[in-house]
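Same order as they appear, the protein sequences are chains U and E.
Residues 1 to 115 (our numbering) are what the first sequence spells out, left to right.
Residues 116 to 320 (our numbering) are what the second sequence spells out, left to right.
Source of the hints: derived by calculation from the structure; they are not laboratory data.
Quick caveat, the model's predicted, so the values are computed rather than measured.
The beta carbon of each residue, even a glycine, is placed where N, CA and C say it ideally should be.
Treat each hint with caution, since some may be false.
As the list claims (entries may be wrong) - Label pairs and their in silico Cβ distance ranges:
| # | chain 1 | residue 1 | chain 2 | residue 2 | range |
| --- | --- | --- | --- | --- | --- |
| 1 | E | A153 | U | L80 | 52 to 58 angstroms |
| 2 | U | A75 | E | L146 | 42 to 48 angstroms |
| 3 | E | R247 | U | P53 | 48 to 54 angstroms |
| 4 | E | R143 | U | D16 | 48 to 54 angstroms |
| 5 | E | V306 | U | V66 | 53 to 59 angstroms |
| 6 | U | P53 | E | G290 | 21 to 27 angstroms |
| 7 | E | N216 | U | V52 | 21 to 27 angstroms |
| 8 | U | E12 | E | P293 | 19 to 25 angstroms |
| 9 | U | A67 | E | P140 | 21 to 27 angstroms |
As the list claims (entries may be wrong) - Here are some chain E residues the structure puts well away from chain U; computed CB gaps all over 10 angstroms:
| # | residue |
| --- | --- |
| 10 | D141 |
| 11 | E157 |
| 12 | G277 |
| 13 | Q278 |
| 14 | A283 |
Stated by the list, open to error - To spell it out: a stretch of chain E is covered by chain U in this simulated footprint if at least three of its residues, at any positions, have a beta carbon under 8 angstroms from a beta carbon of chain U; those stretches are:
| # | segment |
| --- | --- |
| 15 | 146-152 |
| 16 | 172-185 |
| 17 | 201-207 |
| 18 | 257-265 |
| 19 | 301-310 |
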Amino acid sequence: MSGRERPVAGAEAALDAALARWARGGPGEAAGDAAALARIRAHGAALAAAPVPASPSPRWWRRGAVAGLAALAAAGLVALLLPAPAPVSAPPAAGEPGASFELLYTSSEEEEMLL
Amino acid sequence: MFDSPPSARADSNGPAVPAGGVPDPDARLLLAARDGDARAFEALVAQLAGPALALARRVLGEAALAEDAVQEALTRLWREAHRFDPARGPLAGWWRRILMNAALDGRRRLRPVAHLADVAEPRDPAPGPEARAEAAEIDRRLNAALAQLPPRQRAALALFHGQGLSMAEIGEALGTSPKAVEGLLLRGRAVLRHLMADVLEEDGA
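All chains, please: the whole structure from these sequences, using the hints.
In structure tokens, the structure reads:
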């Protein structure tokens, strides 16, 4: 072993033997094990009576990705086919080049005071 | 450093099956269960429950916690049955890992282990009355000393001495490397030797 002190071989053998007895004791050695085993089996029977858990398909994410791409492509196609919306600004009135600007801009009182 | 105890290998591992071969009997039961055969799962539970309860009790040091861990492991086995692939190895290794995960779950790890007074009486291990008394005293002290160890060290000791698994197999069950398993065993044994120095030297002299 790797400790600083070298263990006595007989003590190691005694520890090995004790650990083997401890580790290889079968079920049913402790009081209450039979009842515990009965409860565990009942739990197993309850699980077995439940519907079998569905196996998720390994390709579910691929199907989802394909559906998502198809939706994006459809949205893009619609955007291409539809006419572009008109710009949000008032068309300039004939003969008045500053009309459009005047519709969008209203000077504040402070600016008027500075002027 | 740690050779598998030779007499332990055939105990509870079940027949190992080469990858791609015919599934072992327990694996066949699980495959039938996931195909909807409820009786197959009940039969599998009957096979697994006893050894699993014994192993979990050694790891956790308390009967109620062990029972809880086995039930949780069976639930996971049922829920994850579709993920079992017999071509990747026998069911025993997969089940051991599920069981150890359930037993070493953090919620249980924080719970206290058994006190000396709660430890079950050991079985009679030796034929003569004097040797039997000595062995019984060692077993009693061992149970008390084991209660001082962290659950992972107890798990490594139980898997090594009880089931004769290799470092790699124990590492797989505990989700760690073979080198780390060796460390768990060395540290565990060092503590046991320290706590039981008087009885071990008396017995080994």
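Hints, one by one, checked against the model:
1. For the hinted restraint 52 to 58 angstroms between E:A153 and U:L80, the CB-CB distance of approximately 56 angstroms keeps it satisfied.
2. Between U:A75 and E:L146 the CB atoms are about 45 angstroms apart, so this pair conforms to the stated range of 42 to 48 angstroms.
3. At about 50 angstroms, the CB distance of E:R247 to U:P53 agrees with the hint of 48 to 54 angstroms.
4. Between E:R143 and U:D16 the beta carbons are some 36 angstroms apart, a value that contradicts the proposed interval 48 to 54 angstroms.
5. Remark: the range hint 53 to 59 angstroms for E:V306 to U:V66 is upheld by a beta-carbon distance near 57 angstroms.
6. With their beta carbons about 23 angstroms apart, U:P53 and E:G290 fall inside the hinted range of 21 to 27 angstroms.
7. At about 22 angstroms, the CB distance of E:N216 to U:V52 agrees with the hint of 21 to 27 angstroms.
8. The hint said 19 to 25 angstroms for the Cβ distance between U:E12 and E:P293, and at roughly 21 angstroms that hint holds.
9. For the hinted restraint 21 to 27 angstroms between U:A67 and E:P140, the CB-CB distance of approximately 43 angstroms leaves it violated.
10. The claim that E:D141 is not at the interface with chain U holds, since no C-beta of that chain comes within 10 angstroms of its own (minimum 13 angstroms).
11. For E:E157, the shortest C-beta to C-beta distance to chain U comes to about 5 angstroms, within the 10 angstroms cut-off, and the non-interface label is violated.
12. A beta-carbon of chain U comes within 10 angstroms of the beta-carbon of E:G277; the shortest separation is about 3 angstroms.
13. Separation of E:Q278 from chain U is inadequate, the least Cβ-Cβ distance of about 8 angstroms not exceeding the 10 angstroms criterion.
14. The Cβ of E:A283 lies farther than 10 angstroms from every Cβ of chain U, with a closest approach of about 19 angstroms, so its non-interface assignment holds.
15. Under the rule that three or more residues need a Cβ within less than 8 angstroms of chain U, the assignment of the segment 146-152 of chain E holds, with 4 such residues.
16. Chain U is given as covering the segment 172-185 of chain E, and this holds because 6 residues of the stretch bring a CB closer than 8 angstroms to a CB of that chain, at least three being needed.
17. Look at the segment 201-207 of chain E against chain U: 0 of its residues bring a Cβ nearer than 8 angstroms to a Cβ of that chain, fewer than three, so the hint is violated.
18. A stretch counts as covered by a chain when three or more of its residues have a beta carbon under 8 angstroms from one of that chain; for the segment 257-265 of chain E and chain U the count is 3, and the coverage holds.
19. Here's how the segment 301-310 of chain E fares: 5 of its residues keep a CB closer than 8 angstroms to some CB of chain U, so the rule of at least three is met and the hint holds.
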